Amino acid sequence: MAYLELKNVCKTYGAGANETQVLSDINLEIEEGEFVAIVGFTGSGKTTLVNLINGLLSPTEGEILFKGIPVESTSHERGVIFQNYSLLPWLTVGQNVYMAVKEAFPDKSKSELNGIVNDYVEMVNLSPAINKRPNELSGGMRQRVAVARALSMKPEMIIMDEPLSALDALTRGNLQDEILNIWGKDQRTALLITNDVDEGIYMADRIIPLRPGPNATLGPEFKIDIDRPRDKTELNDNPNYKKTRNAIIEYLINIGEQRKSEVQDLVELPELEPESFVGRFK
Amino acid sequence: MKQQSIALGKPRLFIRLGFITTFKDLFSGNLAKEEIQKLLRKFIVPIASILLFLGLWHMGAKALYNIEADFRINKALVERGQEAADAEAACIDSGDITCQPNSLPSPAQVWNSYKSLLRDHSIITADKKAFVVKTAALNEKRIAQGKDPIVYTGRPSFVDQILRSLKTVFAGFFLAFLVAVPLGIFMGLSPTLKSAFNWFIQIFKPVSPVVWYLLVFMIVKTVLIDSSEDSSFTISFVSVGLCSMWATLVNTAVGVSSVDKDYLNVAKVLKLGSFQKIFKVVLPSSLPLIFTGLKITLSVAWMVLIAIELLAQSPGLGLFVWEEFQNGANDSNSKIIVAMFLIGLIGFLLDRLMLMIQNAVSFNKSQAI
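First to last, the sequence lines map onto chains A and B. Take the first sequence: its position 13, counting from 1, is numbered 1074 in our numbering, and each next residue is one higher. Take the second sequence: its position 151, counting from 1, is numbered 158 in our numbering, and each next residue is one higher.
Think of the hints as simulated: they come from the structure by calculation, not from any bench. Owing to the predicted nature of the structure, the values given are computational and were not obtained by experimental measurement. Here a beta-carbon is modelled for each residue, glycine too, at the ideal position from N, C-alpha and C. Be a bit skeptical, because a hint or two may be false.
Cut-off 27 Å, straight-line C-alpha distance, at most; resulting in silico cross-link-like pairs (DSSO-like, lysine-lysine) [as the list claims (entries may be wrong)]:
#: 1; chain 1: A; residue 1: K1215; chain 2: B; residue 2: K268
#: 2; chain 1: B; residue 1: K268; chain 2: A; residue 2: K1163
#: 3; chain 1: A; residue 1: K1215; chain 2: A; residue 2: K1169
#: 4; chain 1: B; residue 1: K284; chain 2: A; residue 2: K1193
#: 5; chain 1: B; residue 1: K268; chain 2: A; residue 2: K1193
#: 6; chain 1: A; residue 1: K1068; chain 2: B; residue 2: K278
#: 7; chain 1: B; residue 1: K278; chain 2: A; residue 2: K1169
#: 8; chain 1: B; residue 1: K69; chain 2: B; residue 2: K82
#: 9; chain 1: A; residue 1: K1068; chain 2: B; residue 2: K275
#: 10; chain 1: A; residue 1: K1171; chain 2: B; residue 2: K69
#: 11; chain 1: B; residue 1: K284; chain 2: A; residue 2: K1169
#: 12; chain 1: A; residue 1: K1163; chain 2: B; residue 2: K278
#: 13; chain 1: B; residue 1: K275; chain 2: A; residue 2: K1128
#: 14; chain 1: A; residue 1: K1215; chain 2: B; residue 2: K278
#: 15; chain 1: A; residue 1: K1163; chain 2: B; residue 2: K275
#: 16; chain 1: B; residue 1: K69; chain 2: A; residue 2: K1215
#: 17; chain 1: B; residue 1: K284; chain 2: A; residue 2: K1171
#: 18; chain 1: A; residue 1: K1128; chain 2: B; residue 2: K278
A short, non-exhaustive set of chain B residues, derived as facing chain A with CB atoms under 8 Å [as the list claims (entries may be wrong)]:
#: 19; residue: D269
#: 20; residue: Y270
#: 21; residue: V273
#: 22; residue: L277
#: 23; residue: P291
Just need the whole structure built from these sequences, with the hints factored in.
Spelled out as structure tokens, the structure:
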């Protein structure tokens, strides 16, 4: 039995004439200790899928099993890292993490809890900033806090909803490595939602494309047969990497084309030219 | 927006003293062009506009004075003949108090009234001190016998009335705070309560302070029917509270019900209990809006206070204005204008005070308006 299992999951919003089906017929199995990435276009329903798995939403049809038990609400066993960090701006870094730790381990004493907070803030290299508020931090630092908060609850599975998409390339690379390091230490199960194919290939064991919504559904999976730890510079020369990357991108482009041809109302732009545009503003 | 940069933990000076260095630079001659422009805009222009205002006021007052003087002379001429008219004109020119035209006072008259009010205050303060000294021995005896001590019952000074008004406004504000904030939180949390109270808010919000006063009067009069004490203070502060609480009530309800969905998701993912959720997530995130509401409440409270004190005959600036108007003495009009400026100034200071508190407690500086 798979660790996390989605069976024929559908999700619709609204009712009656306004009904829109965002996800349809999603089937997914994730084994314990696996790192799976779901790649998709923006607006394809990725966040809806994440919220179904972490228990913020419940599916319209089908079921989601976590360790064989249906997911009904959120749980400390599944840690979530949100796309927009979702830190509470009135709390400091330490307080943000402390709040999570306190909920996850209600029996521990205050000093034990503070110890855990310090450990995890240290782990994401933010100890000097522990008393700062989120608006004093850069985007990368904020996302590190969110990582620390999610991991400090010692979840069995980490769900990441485009955690790095708002960051610049350099910070992004660093954080990818940090997340992989942490994941590698105790081999927790991880699900990464991303719009970056390279990120998926670098980090995951399997990549599954999400066909664009409405009626988004999962495409065929791509296995990444590259040994860990992976090296970013060597990756470019790896024939396996090139092959997989090309296959995924081709697949995504193809479904993108299909989707375009489905668009029916084409609006023709009028042919207008400014008469004397150049001279006018001089 | 620059004034709002009062950061948490390092409160800056309330009144900025940056212009001192600017002046220093001005005299030493090393002032950049932009700084001159800034100086011009921030200090020279306001000062010029104040002078212009005073000038227009002075001329307007003079014109009104002349209209009334001409009217009086004319009236004397028509009713009592040329001789009486000449006598009237001479009387007006001599500056005799008995025949001065009573119209809009000039800035100079207002300033003189301000000074005379201050003099009056120091006289009354001295009087009070003398009274305390005089009755000290007697009061000790009375207390020893179990009787109430004798207190000063003389006329309150202008400053006393300002303090009394501030007391009333803060009592009313505190009442509004105690009623509106908890009620707003409950309304924001529960859609049922919100729809239960919504009609109530929509209907009572636009009701005039005068009507609120009458309603409070009806109730308080009966409630305090046995009490020998003066109920005017109770009536006025309760009315002020009722008039001004609506902004806080609505803002709190909106703030609590429109917490960022991301924060609520965090609360869900962390599995916070409902108590924790309200105190750790919902309330902190709605604090900026609650404080905006409280700021409006305080300024509304100060504005309606004058009218309500006037109606309730409760001592304070409102009653001062009304008594001066009824008094009709030669300097009454200028005293009313003094009160007007002080009311405006105190209202402005109260607003700044709330802004400072708001900036100190809210995490989101840009929301403070």
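| query | Given the proposed pairing of B/K268 with A/K1193, does the C-alpha separation stay at or below 27 Å? | reply | Distance of about 23 Å is within 27 Å: holds.
| said: Does B/L277 hold up as a contact with chain A if the rule is Cβ-Cβ below 8 Å? | reply: holds, 5 Å
| said: Please verify whether A/K1215 and B/K278 have alpha carbons no more than 27 Å apart. | reply: Within the cut-off at roughly 14 Å; holds.
| said: Hint check: A/K1068 vs B/K275, CA-CA at most 27 Å. Holds or violated? | reply: Roughly 24 Å separates the two Cα atoms, so the pair holds.
| query | Is the Cα-Cα distance between A/K1163 and B/K275 27 Å or less? | reply | holds, 14 Å
| B/K69 paired with B/K82 [C-alpha distance capped at 27 Å] | Cα-Cα ~20 Å, so holds.
| query | If you draw a straight line from the CA of B/K284 to the CA of A/K1193, is it 27 Å or shorter? | reply | Roughly 22 Å between the alpha carbons, so the hint for B/K284 and A/K1193 holds.
| With 8 Å as the cut and Cβ atoms as the points, is B/Y270 at the interface with chain A? | holds, 6 Å
| message | Given B/V273 as an interface hint, is its Cβ closer than 8 Å to any Cβ of chain A? | response | Holds, about 5 Å.
| query | Within a Cα-Cα threshold of 27 Å, do B/K284 and A/K1171 meet the stated pairing? | reply | OK: B/K284 and A/K1171 at ~20 Å, within 27 Å.
| query | Taking 27 Å as the top limit, are the C-alpha atoms of B/K69 and A/K1215 close enough? | reply | Answer violated: B/K69 to A/K1215 is near 82 Å, above 27 Å.
| request: Measure nothing beyond the straight line between the CA atoms of B/K275 and A/K1128; if it is 27 Å or shorter, mark the hint as holding. | output: holds, 21 Å
Violated hints, listed in ascending order, are 10 and 16; each of the other numbered hints is respected by the structure.
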